[in-house]
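In order, the protein sequence lines correspond to chains A and B. Positions 10 to 123 (the numbering used here) are the ones given, in order, by the first sequence. Positions 52 to 164 (the numbering used here) are the ones given, in order, by the second sequence.
Check each hint, because a few of them may be wrong.
[As the list claims (entries may be wrong)] Computed Cβ-Cβ distance ranges for the label pairs, DEER-style:
1) B:Phe69 with A:Gln92: 43 to 49 Å
2) B:Thr79 with A:Ser105: 23 to 29 Å
3) B:Val133 with A:Lys26: 51 to 57 Å
4) A:Thr85 with B:Lys107: 38 to 44 Å
5) B:Ser109 with A:Lys26: 44 to 50 Å
6) A:Ala63 with B:Glu66: 22 to 28 Å
7) B:Thr77 with A:Gln50: 16 to 22 Å
8) B:Leu64 with A:Lys26: 41 to 47 Å
9) A:Leu48 with B:Gly52: 21 to 27 Å
10) B:Leu64 with A:Asn61: 16 to 22 Å
11) B:Thr63 with A:Glu77: 41 to 47 Å
12) B:Thr63 with A:Gly49: 36 to 42 Å
13) B:Ala104 with A:Thr87: 40 to 46 Å
14) A:Gly12 with B:Thr146: 19 to 25 Å
Don't read these hints as lab results, they were simulated from the structure. Idealized CB from N, CA, C, for every residue including glycine.
Listed below are the residues making up each chain.
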Amino acid sequence: GAGVSQSPSNKVTEKGKDVELRCDPISGHTALYWYRQSLGQGLEFLIYFQGNSAPDKSGLPSDRFSAERTGGSVSTLTIQRTQQEDSAVYLCASSSNWGYNEQFFGPGTRLTVL
Amino acid sequence: GNSVTQMEGPVTLSEEAFLTINCTYTATGYPSLFWYVQYPGEGLQLLLKATKADDKGSNKGFEATYRKETTSFHLEKGSVQVSDSAVYFCALSLTGANSKLTFGKGITLSVRP
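Can you make the complete structure from the sequences, with help from the hints?
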């Protein structure tokens, strides 16, 4: 079956512009996560969605970052007024809501802010 | 808070050498422990996991044992191959409302023929 997909695979933008990153989780997975992978900070948790519950936004680094998940499936991560320090690979993962929390990762979106 | 500490890298080994990558953790509860691997040009994928103390996870010749007394989850392989060259991440998650993964910084392994 299809895995987690993300688009675009690469995004280059200018400082101050807004960007949207998309994640399509594995069908039937109720949990969805966003992480960020950067040279300086390693892999960091950003936000977590579980079913219809309120998302856990505790990892978002600033109020320029937001995410939504429509219909319990596709998710969009939005970064407003991008800064150079936002340059990173943004990873999405999904998991079923049972078992031992195995998360399946997408290929990531590499964001470069010039 | 929760954290994962991995040994500093990079690590370079010759083919068929023995591999150990150290990982220790700090957690407020009873975590599940994972090793993820990222091959060149590919996404992050689960290598192995262990969900309770003394469990041993294994896959592709790699093993790691959940040691609660030393809060460790060291990764081992008896004979590495060139195809094992990748970045390895140790991680934990706590069962509960938010099972986010907390990762170590990762270590790059290069295996020479």
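Indicate whether the distance between the beta carbons of Thr77 of chain B and Gln50 of chain A respects the range 16 to 22 Å.
Roughly 18 Å apart at Cβ, these two residues keep to the hinted range, so it holds.
Does the Cβ-Cβ separation between Ala63 of chain A and Glu66 of chain B fall within 22 to 28 Å?
violated, 50 Å
Return holds or violated for the Cβ distance of Thr63 of chain B and Glu77 of chain A against the range 41 to 47 Å.
This hint holds: roughly 44 Å between Cβ atoms.
Using the Cβ atoms, figure out if Gly12 of chain A sits within 19 to 25 Å of Thr146 of chain B.
Given range 19 to 25 Å: holds, Cβ gap about 24 Å.
Against the range 36 to 42 Å, how does the distance between the Cβ atoms of Thr63 of chain B and Gly49 of chain A compare: consistent or not?
Violated - the Cβ-Cβ distance for Thr63 of chain B and Gly49 of chain A, about 23 Å, lies outside 36 to 42 Å.
Honestly, do Thr79 of chain B and Ser105 of chain A meet the 23 to 29 Å range at C-beta?
Because 24 Å falls inside the window, the suggested range holds.
Is it true that Ala104 of chain B and Thr87 of chain A lie within 40 to 46 Å of each other by Cβ?
For Ala104 of chain B and Thr87 of chain A the Cβ distance comes to about 41 Å; the hint holds.
Could you check the hint for me, namely that Val133 of chain B and Lys26 of chain A are 51 to 57 Å apart, CB to CB?
violated, 42 Å
Is it true that Leu48 of chain A and Gly52 of chain B lie within 21 to 27 Å of each other by Cβ?
Once the Cβ atoms are compared, 22 Å apart, the range 21 to 27 Å for Gly52 of chain B and Leu48 of chain A holds.
Holds or violated: 41 to 47 Å for the Cβ distance of Leu64 of chain B and Lys26 of chain A?
holds, 44 Å
Range hint compliance [Cβ, Thr85 of chain A to Lys107 of chain B, 38 to 44 Å]:
With a Cβ separation near 40 Å, Thr85 of chain A and Lys107 of chain B satisfy 38 to 44 Å, so the hint holds.
So does Phe69 of chain B sit 43 to 49 Å from Gln92 of chain A, Cβ to Cβ?
Roughly 44 Å apart at Cβ, these two residues keep to the hinted range, so it holds.
When the structure is compared with the earlier hints, violations turn up for hints 3, 6, 10 and 12 and for no others.
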